[in-house]
Amino acid sequence: MAARHKSVETKYMEDRDAVLRGLRGLDRRTFLKVLAATTGAVMAKSLMPPHSFQLVEVANAAPDKTASAAGMAGKPPFTFAYVSDTHLYQRTLNQRFVRAAVKAVDDVNALDPQPDFVLFGGDLAQLGRREELDLGMQILAELKAPVKMMVGEHDWFYDLGDAWQEMFGPPNYSFDWKGVHVVVLMSVHEKDFWTARKMTPAQRMRTVAGLDNGIQSRFEVGDDERKWLSADLAKVPHTTPLLVFSHSPLYKYYRNWNFWTDDAEQVQAILKPYQHVTVIHGHTHQMLYNQIGNISFYGLLSTAWPWPYAPTGLPPLTIQMNRADPFDQFDGLGDGRIDVRADGLADKIYSLWDRNPVTVKADYLVSHGKIARPPAPQFPSY
Amino acid sequence: MTRRSIALVTAAGCAAIFAALVHAPRLRAQPAPPLPVHQVPDSKNGGTVVMLCDGKTSVEVKDLKPGQSMTHAQAVAVTRELMAQWQREHPNEKWEMAQTGQPSQPLPAPSAASGADAAAKATGAKPLSKGTQQGDTYASFTDRDYKVWKDQTDNFVAEGNQLFHDGAALGGTIGVSCDMCHPDASNTHPETYPKYQVQLQRVALLRDMIDWCIENPVKGKALAPNDTRLRALEAYILAQRKGVPLDYGKH
Numbered sequence: 404m405a406a407r408h409k410s411v412e413t414k415y416m417e418d419r420d421a422v423l424r425g426l427r428g429l430d431r432r433t434f435l436k437v438l439a440a441t442t443g444a445v446m447a448k449s450l451m452p453p454h455s456f457q458l459v460e461v462a463n464a465a466p467d468k469t470a471s472a473a474g475m476a477g478k479p480p481f482t483f484a485y486v487s488d489t490h491l492y493q494r495t496l497n498q499r500f501v502r503a504a505v506k507a508v509d510d511v512n513a514l515d516p517q518p519d520f521v522l523f524g525g526d527l528a529q530l531g532r533r534e535e536l537d538l539g540m541q542i543l544a545e546l547k548a549p550v551k552m553m554v555g556e557h558d559w560f561y562d563l564g565d566a567w568q569e570m571f572g573p574p575n576y577s578f579d580w581k582g583v584h585v586v587v588l589m590s591v592h593e594k595d596f597w598t599a600r601k602m603t604p605a606q607r608m609r610t611v612a613g614l615d616n617g618i619q620s621r622f623e624v625g626d627d628e629r630k631w632l633s634a635d636l637a638k639v640p641h642t643t644p645l646l647v648f649s650h651s652p653l654y655k656y657y658r659n660w661n662f663w664t665d666d667a668e669q670v671q672a673i674l675k676p677y678q679h680v681t682v683i684h685g686h687t688h689q690m691l692y693n694q695i696g697n698i699s700f701y702g703l704l705s706t707a708w709p710w711p712y713a714p715t716g717l718p719p720l721t722i723q724m725n726r727a728d729p730f731d732q733f734d735g736l737g738d739g740r741i742d743v744r745a746d747g748l749a750d751k752i753y754s755l756w757d758r759n760p761v762t763v764k765a766d767y768l769v770s771h772g773k774i775a776r777p778p779a780p781q782f783p784s785y
Numbered sequence: 007m008t009r010r011s012i013a014l015v016t017a018a019g020c021a022a023i024f025a026a027l028v029h030a031p032r033l034r035a036q037p038a039p040p041l042p043v044h045q046v047p048d049s050k051n052g053g054t055v056v057m058l059c060d061g062k063t064s065v066e067v068k069d070l071k072p073g074q075s076m077t078h079a080q081a082v083a084v085t086r087e088l089m090a091q092w093q094r095e096h097p098n099e100k101w102e103m104a105q106t107g108q109p110s111q112p113l114p115a116p117s118a119a120s121g122a123d124a125a126a127k128a129t130g131a132k133p134l135s136k137g138t139q140q141g142d143t144y145a146s147f148t149d150r151d152y153k154v155w156k157d158q159t160d161n162f163v164a165e166g167n168q169l170f171h172d173g174a175a176l177g178g179t180i181g182v183s184c185d186m187c188h189p190d191a192s193n194t195h196p197e198t199y200p201k202y203q204v205q206l207q208r209v210a211l212l213r214d215m216i217d218w219c220i221e222n223p224v225k226g227k228a229l230a231p232n233d234t235r236l237r238a239l240e241a242y243i244l245a246q247r248k249g250v251p252l253d254y255g256k257h
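Chains A and B, in that order, are what the protein sequence lines are.
If you count by our numbering, then the first sequence holds residues 404 to 785, one letter each, in order.
If you count by our numbering, then the second sequence holds residues 7 to 257, one letter each, in order.
Hints are computed from structural coordinates only; laboratory data are not their basis.
Check the hints yourself; a few may be wrong.
[What the hints assert, rightly or not] Calculated lysine to any residue pairs in the SDA-like style (CA-CA distance at most 20 Å, straight line):
#, chain 1, residue 1, chain 2, residue 2
1, B, Lys-201, A, Pro-783
2, B, Lys-256, A, Tyr-785
3, B, Lys-248, A, Thr-715
4, B, Lys-225, A, Gln-732
5, A, Lys-551, A, Val-583
6, B, Lys-225, A, Phe-730
7, B, Lys-225, A, Asp-734
Since this is a predicted model, take the numbers as computed values, not measurements.
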């Protein structure tokens, strides 16, 4: 199914890639002529956001030059892509979310060059059922690049992780990639709210699946895993860039909706000695970024549905995305790409479906908003 | 009945009401009950019977056949007659004209034997405050009345809350419920309706958008305007925006 289906975006990307490939054979003079003509055409269609795909693609077309320009020593830059929060029901119940997940896989497969790996950001399933996870695994198996899995609360609270761990292994792990130390956390542990209420596994799962019920506990990494993290980092020098994946944001955004990790400060303290730390998280289904001390945070897009910004607690550096069009299933959703620079900082490209992509550069966050400000939307939240 | 047993019965009654509120039955697909209608008596002389808004006082306009309109002079005469009749039947009361803004005349305190007074004593309700009188609709209610109304309203909102979190109860077929995209009814902005909804190509009310969502993302069937479930959803969504200024037409 994935191999046959091609989204509008994929076709557009392929067409444009073909043009770019053709351009590489041109001499400088002809190239400038073509560039002027295409720029004119693009501007006429008002497809030129302040930070467009074009800039990023130029960087990709000449990775060696970008690297030397940034004064990077030794470590090669790399790119990884993501798909997140697919929230799949069983195939017979809901095709809507299946279509969206397949579309994301298709998009990532169209990336050229292919990313080093694809992060799945958690919430593969909606109600933690084995059939849902199976379906998700089948869809993700279509990805050409290797997949790194992260768990979300929707994957976990039916059987407390049994099926997920059987399929994908331990929920927290680490690995080294091109000079960067990568840590995947399980950040959605909850204190037991179900035993005293005599909940069935399905009731427990449904409670966690809702954002606004106030019954469930707050997410946490927990004592054991924080100890594991400290031990894991003990052998990593403080100059090594860190890339941390967590499903919930590792800071406190909005408690009522569990846009929140209860022991966020304690985890941040463990990460504090490192020069460059990037935390990539799922769960919030919106463009969201933050900077706390040395740590840059990026929230991932969902493929299933977008969430409104919470009424309070939005990080000041986040520029809200335009509110989603409810009449367009794919609006406000998408997938994306993260370009890890040789210095270990990460630029992030939100590949929004049915909209122009938005790049959030690491420079914007580490400068606390002084430079490289992403475009502001026309229609922020009500 | 001793004082103690009255207290016990009252407490038991309150508990029963509370239990009924907490365990509200799930709303089924049914139209809302009809609003009360004043029963106008049949005409005795083949004319048209006109009733005062108290729902009791009426006069018959003899020369007016059904379907005919009154002249202005006739209408004035009829209203005078209705008011005169009401005053004859309520010799000690004053008709409150809400529009005039005139202060109402205090009445003598109701007699100790009156039913209302006895009921007030039994429920601990306060007697009518100074400056109000019988027949003054809004002044004659007790704190207990307000409490009952509030409970009824909150109960309706709670039913809407339940439906908002239960796609199947709305006839949804793909497991999608309202709260999945709108936690705490966020981003529903009921205060912005009516407004021109570009995607619908017409001016929309909040209920049009609710129905649109039920038909499309939820994959159910649109609810009729009088469906109790639609009314409860509206109640819940509006209740979440208490205090937000109305701003119709806002985009």
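For each hint, the structure was consulted:
no. : hint                     : result
1   : B:Lys-201 with A:Pro-783 : holds, 18 Å
2   : B:Lys-256 with A:Tyr-785 : holds, 10 Å
3   : B:Lys-248 with A:Thr-715 : holds, 17 Å
4   : B:Lys-225 with A:Gln-732 : holds, 13 Å
5   : A:Lys-551 with A:Val-583 : holds, 15 Å
6   : B:Lys-225 with A:Phe-730 : holds, 13 Å
7   : B:Lys-225 with A:Asp-734 : holds, 18 Å
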